[in-house]
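Peer 1: For what it's worth, my numbering labels the leading residue of the sequence shown as 1, then goes sequentially.
Just so you know, these hints were derived from the structure itself, not from any lab.
Take these hints with a grain of salt, some might be off.
[Said to hold, decoys possible] Pairwise CB distance ranges, derived in the manner of DEER restraints:
(1) 119 to 80: 37 to 43 Å
(2) 127 to 45: 20 to 26 Å
(3) 79 to 108: 36 to 42 Å
(4) 44 to 116: 32 to 38 Å
(5) 47 to 72: 20 to 26 Å
(6) 82 to 110: 32 to 38 Å
(7) 76 to 113: 36 to 42 Å
(8) 122 to 73: 19 to 25 Å
(9) 51 to 73: 14 to 20 Å
(10) 47 to 69: 22 to 28 Å
(11) 47 to 122: 21 to 27 Å
(12) 45 to 116: 30 to 36 Å
Predicted model only: the values in this text are computed from it and were never measured.
Built from N, CA and C at the ideal position, the CB exists for glycine as well.
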Amino acid sequence: MGEAANRIVPPLAEPTLHTRPFKNGTSFVRCLAFLLEHEGIQSFDPDDPGGHTVFGVARKFWPKWEGWATVDAINAALPTQERRSVALAGNPALRGMVREFYYDNFWLKNSCEEMPFEVALPLFDFAMNSVAREARKA
1 MGEAANRIVP
11 PLAEPTLHTR
21 PFKNGTSFVR
31 CLAFLLEHEG
41 IQSFDPDDPG
51 GHTVFGVARK
61 FWPKWEGWAT
71 VDAINAALPT
81 QERRSVALAG
91 NPALRGMVRE
101 FYYDNFWLKN
111 SCEEMPFEVA
121 LPLFDFAMNS
131 VAREARKA
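Let the sequences and hints guide you as you build the complete structure.
Peer 2: Laid out in structure tokens, this is it:
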């Protein structure tokens with residue numbers, strides 16, 4: 001499956017025990033879907049300043065993110081990147097951690113909930129990607 005396997009985006013509104021329930025159609029869910037579609041599942045791109053990334057969360061910039069334990073366990077247990085991608089995308093607890101991460105660190109901190117979708121989307125996207133841009137300057 002190759003690159004196509006890395007573009008599986010998990011359902012975003014499915015509530016889990018870990019997360020607040022996010023309803024389909026809300027601006028946050030729509031913006032997060034857009035972002036995750038472009039980020040993919042997992043990357044080990046040596047040219048990415050964030051290094052190892054999962055759903056756009058860069059290990060270099062967010063080494064204490066709670067999802068890394070789950071990611072590391074899945075990567076250690078499965079032999080191929082294709083199987084790892086399917087397992088990562090299908091893990092409801094990890095999906096919840098990803099949603100919470102983006103909601104708390106980028107959505108709320110930039111007051112996106114107070115904006116219409118058309119304004120919130122570019123701000124949310126910029127806020128998330130500016131972490132990598134700022135790191136390249138350092």
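Peer 1: For each hint, tell me whether it holds in the structure or not.
Peer 2: Comparing the hints with the structure gives:
no. : hint                  : in the structure
1   : 119 to 80: 37 to 43 Å : holds, 41 Å
2   : 127 to 45: 20 to 26 Å : holds, 21 Å
3   : 79 to 108: 36 to 42 Å : holds, 39 Å
4   : 44 to 116: 32 to 38 Å : holds, 37 Å
5   : 47 to 72: 20 to 26 Å  : holds, 22 Å
6   : 82 to 110: 32 to 38 Å : holds, 35 Å
7   : 76 to 113: 36 to 42 Å : holds, 37 Å
8   : 122 to 73: 19 to 25 Å : violated, 35 Å
9   : 51 to 73: 14 to 20 Å  : holds, 19 Å
10  : 47 to 69: 22 to 28 Å  : holds, 26 Å
11  : 47 to 122: 21 to 27 Å : holds, 24 Å
12  : 45 to 116: 30 to 36 Å : holds, 33 Å
Checked against the numbered hints above, the structure violates only hint 8.
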